[in-house]
Amino acid sequence: MTVRFYAFLLYLAGVVFVAGLVHIVAILVMPQVAPRDAYARLAALAKPGQTTLLPRALPGREVTPYEDPAFAQAVCLYDLANGPLHVHADLPDNRLLTISFRTRTGQVFYSMTDRASLHGTIDVRIMTQPQLDAVEEAEGDEDNDQPLKELRLVAPDTKGFVLVDAMSTYPSERAEAEAEVKSVACAPETLAQD
Numbered sequence: 001m002t003v004r005f006y007a008f009l010l011y012l013a014g015v016v017f018v019a020g021l022v023h024i025v026a027i028l029v030m031p032q033v034a035p036r037d038a039y040a041r042l043a044a045l046a047k048p049g050q051t052t053l054l055p056r057a058l059p060g061r062e063v064t065p066y067e068d069p070a071f072a073q074a075v076c077l078y079d080l081a082n083g084p085l086h087v088h089a090d091l092p093d094n095r096l097l098t099i100s101f102r103t104r105t106g107q108v109f110y111s112m113t114d115r116a117s118l119h120g121t122i123d124v125r126i127m128t129q130p131q132l133d134a135v136e137e138a139e140g141d142e143d144n145d146q147p148l149k150e151l152r153l154v155a156p157d158t159k160g161f162v163l164v165d166a167m168s169t170y171p172s173e174r175a176e177a178e179a180e181v182k183s184v185a186c187a188p189e190t191l192a193q194d
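Just so you know, we're using the working numbering here: the sequence shown kicks off at 1 and counts up by one.
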């Protein structure tokens, strides 16, 4: 009887282990295989290569996860297949602004706040590794002594999006926050071909 009991416990432990493993794998794989990933859902609201203001957060109808109604949000979709994306912002000193760079599934690969600005300006170029290599090769060695005036990010995927948030402390500041996120420019660039 004791051997049967231990065999049953071993069998039960194996079933629980396999079920737990399947559950964890399903959770980790779901964002990559879901047909309506973050990029596809945002593509219904925005066009690639331009900044688009997202609708105000309402309970149960949020566009992005954990959306805060105190923030105005804008999105810029990108596809790096034809060239890099340039993101530029001139920032006022009085409002929190965050910019996050995301993959098509919504995973953040880089983020920054207005504190990262250089003299009130943020300049970022998002590109693939081959595009970065081409830009660095075209610049040559003569510019190595000069500090870069832009941040260069290598995106893990060719498609993704930039999410811009500006905080409005009071409801009366909402229009200013929306104007600020809409003023962040994103534009596709083409690399010069030899």
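Treat the hints with care, as some may be off.
[Claimed, not checked] Across the chosen pairs, the derived CB separations fall in these ranges:
(1) 81 to 10: 17 to 25 angstroms
(2) 55 to 148: 20 to 28 angstroms
(3) 20 to 152: 21 to 29 angstroms
(4) 68 to 139: 37 to 45 angstroms
(5) 28 to 56: 29 to 37 angstroms
[Claimed, not checked] DSS-like cross-link-like pairs, simulated, lysine-lysine; straight-line CA separation at most 30 angstroms:
(6) 182 to 47
(7) 47 to 149
(8) 149 to 159
No lab work stands behind these hints, which were simulated from the structure alone. Glycine included, each C-beta is placed from N, C-alpha and C at the ideal position.
So, going through the hints one by one against the coordinates:
Here the CB-CB span from residue 81 to residue 10 is close to 53 angstroms, at odds with the stated 17 to 25 angstroms. For the pair residue 55 and residue 148, the supplied restraint of 20 to 28 angstroms is violated, since their beta-carbon distance comes to about 36 angstroms. Restraint check, residue 20 to residue 152: a C-beta distance of roughly 42 angstroms breaks the suggested window 21 to 29 angstroms. A hinted range of 37 to 45 angstroms for the beta carbons of residue 68 and residue 139 is consistent with their spacing of about 40 angstroms.
Between residue 28 and residue 56, the C-beta spacing of about 32 angstroms keeps the proposed range 29 to 37 angstroms intact. Distance check on the hinted pair: residue 182 and residue 47 sit about 14 angstroms apart at the alpha-carbon level, within 30 angstroms; holds. A hinted pair counts as satisfied when its Cα atoms are at most 30 angstroms apart, and residue 47 with residue 149 qualifies at roughly 28 angstroms. Distance restraint check for residue 149 and residue 159: the Cα-Cα separation of roughly 25 angstroms lies within the 30 angstroms cut-off, and the hinted pair is therefore satisfied.
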